[in-house]
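Starting from the known structure of chain A, fit chain B onto it as the hints suggest.
The listed protein sequences derive, respectively, from chains A and B.
So in the working numbering the end of the first sequence lands on 274, straight run, no missing numbers.
So in the working numbering the end of the second sequence lands on 687, straight run, no missing numbers.
Do not take every clue at face value.
Below, computed lysine-lysine pairings styled on DSSO-like, alpha-carbon distance capped at 27 Å [as the list claims (entries may be wrong)]:
id : chain 1 : residue 1 : chain 2 : residue 2
1  : B       : Lys11     : B       : Lys54
2  : B       : Lys11     : A       : Lys67
3  : A       : Lys58     : A       : Lys242
4  : A       : Lys34     : B       : Lys54
5  : A       : Lys34     : B       : Lys34
6  : A       : Lys58     : B       : Lys337
7  : B       : Lys589    : B       : Lys337
8  : B       : Lys281    : B       : Lys54
9  : A       : Lys67     : A       : Lys204
10 : B       : Lys589    : A       : Lys59
11 : A       : Lys242    : A       : Lys59
12 : B       : Lys54     : B       : Lys34
13 : B       : Lys34     : A       : Lys242
14 : B       : Lys11     : A       : Lys59
15 : B       : Lys11     : A       : Lys242
Treat the hints as calculated values from the structure; they're not laboratory data.
The primary structure of each chain is shown beneath.
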Amino acid sequence: MRTFSSRRTKAVVSSLIVAGFFSVFIYSFELMQKNAVNLSGWILLALALVLTLFNARKKLTYPPLIKSSIWLQFHVYIGWLALLIFFFHTQWQIPNGPLESVLYIIFMLLALSGILGVFVTRILPKQLASRGSEVIYERIPMFVRQLREQAEQLVLESVGYNNSTILSLFYQQSLESYLSGPSGLTAKIIRRDQEYLQLQSELKALHRYLTEEECDIADQLSAIVETKDDLDFHYVRQGVLKYWLFVHIPLTYSMLLFALVHLVLVQAFSIGLS
Amino acid sequence: MRIHLQNIGYKDSEYERPNQEWVCGWTRDGNPCKHGPDGDGHCTAHAQAICDPKKEGERFKCTRAGAFGGPCEDGPSPDGSCACPTPEHLVCQPTRNIRARRGRAVVMLAVLSFGFLLLMLGGPWVQSFVNPGQLSSVHLAIQGSKGVENCGSCHANGDAGPSEWFKAAFSSVEMAHEIGSAACLDCHFIDPGLGREQSMLVHGADPSVMDQLTNAALDASVSNTQTHRVLEISGLIQGPVSVADDGLACSSCHAEHRGADHDLLFMSDNECQACHQNPFKSFNQGHPQFSQGPQASAGIVFDHARHEGRFTSEALECGSCHIADKTGREMDVLPFKRSCQGCHEQGSKDHHGDKIKKNAIAVLQLPEMEFDEDAYWPTDYAIGESLPPLMALMLLGDPQAVSLLESIYDGDGADGDLYEWLILTDDEDEPELRLDLALALKRLVSDLSDSSKRGAQVRRERLSRAVNIDADDQRLTQFSNALDAASFVMQRFQQRYLPQLADDLDGAEVSADDDEFFESEWITSAGMAGWRVDSDEGLVSYRPVAHADDLLASLMMLMQIDRPNGSAQAVVMGRINEAFENDFRTCTKCHSEQNGEIAWTSSDRTKRLSGFAKFNHSPHLTMLASQSECSSCHVLETSSHGVEMAGLESVRGFLPHRSESCTSCHAPGLANNSCLNCHQYHEERPE
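The following block holds chain A by itself, in its conformation from the complex:
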């Protein structure tokens, strides 16, 4: 079975060959004083439509039009190719017309969000697999609630042993807010666990004031904190994996709308000039 690395190498090489072919093809058009911009425009439109079809393919459960994972691979490499053709089309310059400028910005945002998507879908799943257990994004709030209820139950237990309020006070002052929902999301993106480490440290420090039974409870609370930290870690990364598409997909259709107007104008104004 071929490894992902070898498949990627082959795909990259193939893409570079195709990109090279398109580059020379368009450049040769330019050399021959043919309308290379027009050619690159049509190629770009075709590529954009193919790229958009990936979203449609994901919505279709039938007929089985090749596996989505393969579509995704094509989507990524065709996207890179489209970006190259786009630069040929704009002749490596930033347009200074209002319509073209808006279209340029939309396309660039679309491309950049796509590039971001490629990187996050390559990097984040590995990080997710390296920490905590596999959880479904939509269920994370439910798991957090479960942890909070477990923590509350444990604290109530600790009060029942010898009327000690050390753990209950600690829960009220520190743990309750931490377990009330996702926390420190920004910090989680860059993997800074200060709040988690502080809580763990404080819990450990409480041991000297606790009875043996309370220490067991504190250890369980520590496990809850650790699990909550894992959930936050998953929550923020899975969120990124889902929400970058909130930029990429809407921009796709907006770009197509502007491209359609651009195409109409080019055709209308080219009569007599091309």
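Relative to chain A, chain B alone:
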């Protein structure tokens, strides 16, 4: 120690349904109801709890659906009401799942974009909005101001609205580039030249010229065929270059709307090489050697090598005769007075003007004729033995005299000699021919001696008929003006030999016996310099007085006009050419004749055989330490082999340039070495 949260497995885990648009509002709180909202986004919390108990026999049974947990444990109240009035979950406000929210974001942005486009395309600012970019600075005047763009100046649909643009975009109108380029040609290439359509041909050149150049390139042996790999690959992809019969549209090369600073004239070297038959890598690698030296032999013929070695003890400095023109691009030749006259003084032994002055041109002389009947004719003074060619030329302008001249020149052995004419016409049966000739000559004298404006006009019309060109032609004007200067001399001639000419032409009875001759001395003035009357011979002649003589020059130009073989004009012109051959040769020794035109000044030279090359002397001159360094590029041809010019003695010029003298500076990283630095796409046609 981490806590295990869930089992993953289709039997061990709840099944998530991402296709369901709505999710329970308590999901965010981590406490969603099990079944969630219905498909329309309504909370089902109430329905989950409350049922409509059914009576079976004496007891009511709970009818809660299995999906909501099935019948409750306690069952309904004895009265049949549901015993679970309070739902397990509070009623929530269901929310859309991530996928649905993403879908709404797509729709919202699409609607927003559509609305934005509608607003921009429907408003008065539409042309500003669709303007793809500012025009280059040279076309800014066409663009108009912001908000009132003149798109229609160049684009057929430019001034139409969005609806028309939409129709045009999907119409089957053929994109004929002539239409668009026509807007360019309204301002550019308005010189008739090859014509508007042909201006779009390759290089804007005559196709026959291009064929000639192409064939020459195909025949040429190319020593260095190394080219850019990309050109070879593009050749494989695109095949041989083919240009449509109707040429290239202006926009093929001159892309607009790239901003005010965009260089409309830019072309890359590869773009040039793509079409050329013998491509090479760069100016420094593979450019063919120059086949020509400087065009020293064009225009003014000047043997540089001869002047350097023979007439001066020291080498002439280039700046003695050459100076950069106003643009600095071309090196002009200083006028004769500043460059040549210093050595070639008037009257000096070697001055060509001195030779001319020895040869006076006979302009007017009445021929010796006898008449059988009374005729007004100065028999004692009319002693001409031949018909002066210039007089014959002017007689050609008299329609009634043309047949007479043809009879003179048409016979065997006839060569314009008056004696020959007398032999031919000294027929007793046709004495009228001599009378007709006398009358034609008297009309000529009358026309030449009229110093009024009308007289000048009459002379011009006569000459126009004689040489068969338009009366406003510059060459004719120059010749006519030279004759006008002699009208006073001609007047004196008429007063002396034909004093009663006016009465005679009016039909009055006049006799030569009654003539009272005008005895005063000949009066001359500055304007009449060169004109001379020989009283003994009854002859008016003209002798060029200096360099650049107007009459001789204009006569030479009139000689260049093509005339049908055998016509009276052709015969007379042939005679003039023979008569003045030596004088003309003196002029053409320096003033070359090319394509039927004489180069009177250095600026008249045909600068290049093809107008695709250019050179700017100005920046190169600043690099010279002294004028003698011109020879670093301009190397004299000192061999005995010269260039034949206009059938004259051979003239030596300069050796062809060596490209090495250019590539030493014009190389990558140094001075510009692109094709366009020395070549121009559009052929510069000599005016």
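Name the hints, by number, that the structure is in violation of.
1, 4, 5, 6, 8, 9, 10
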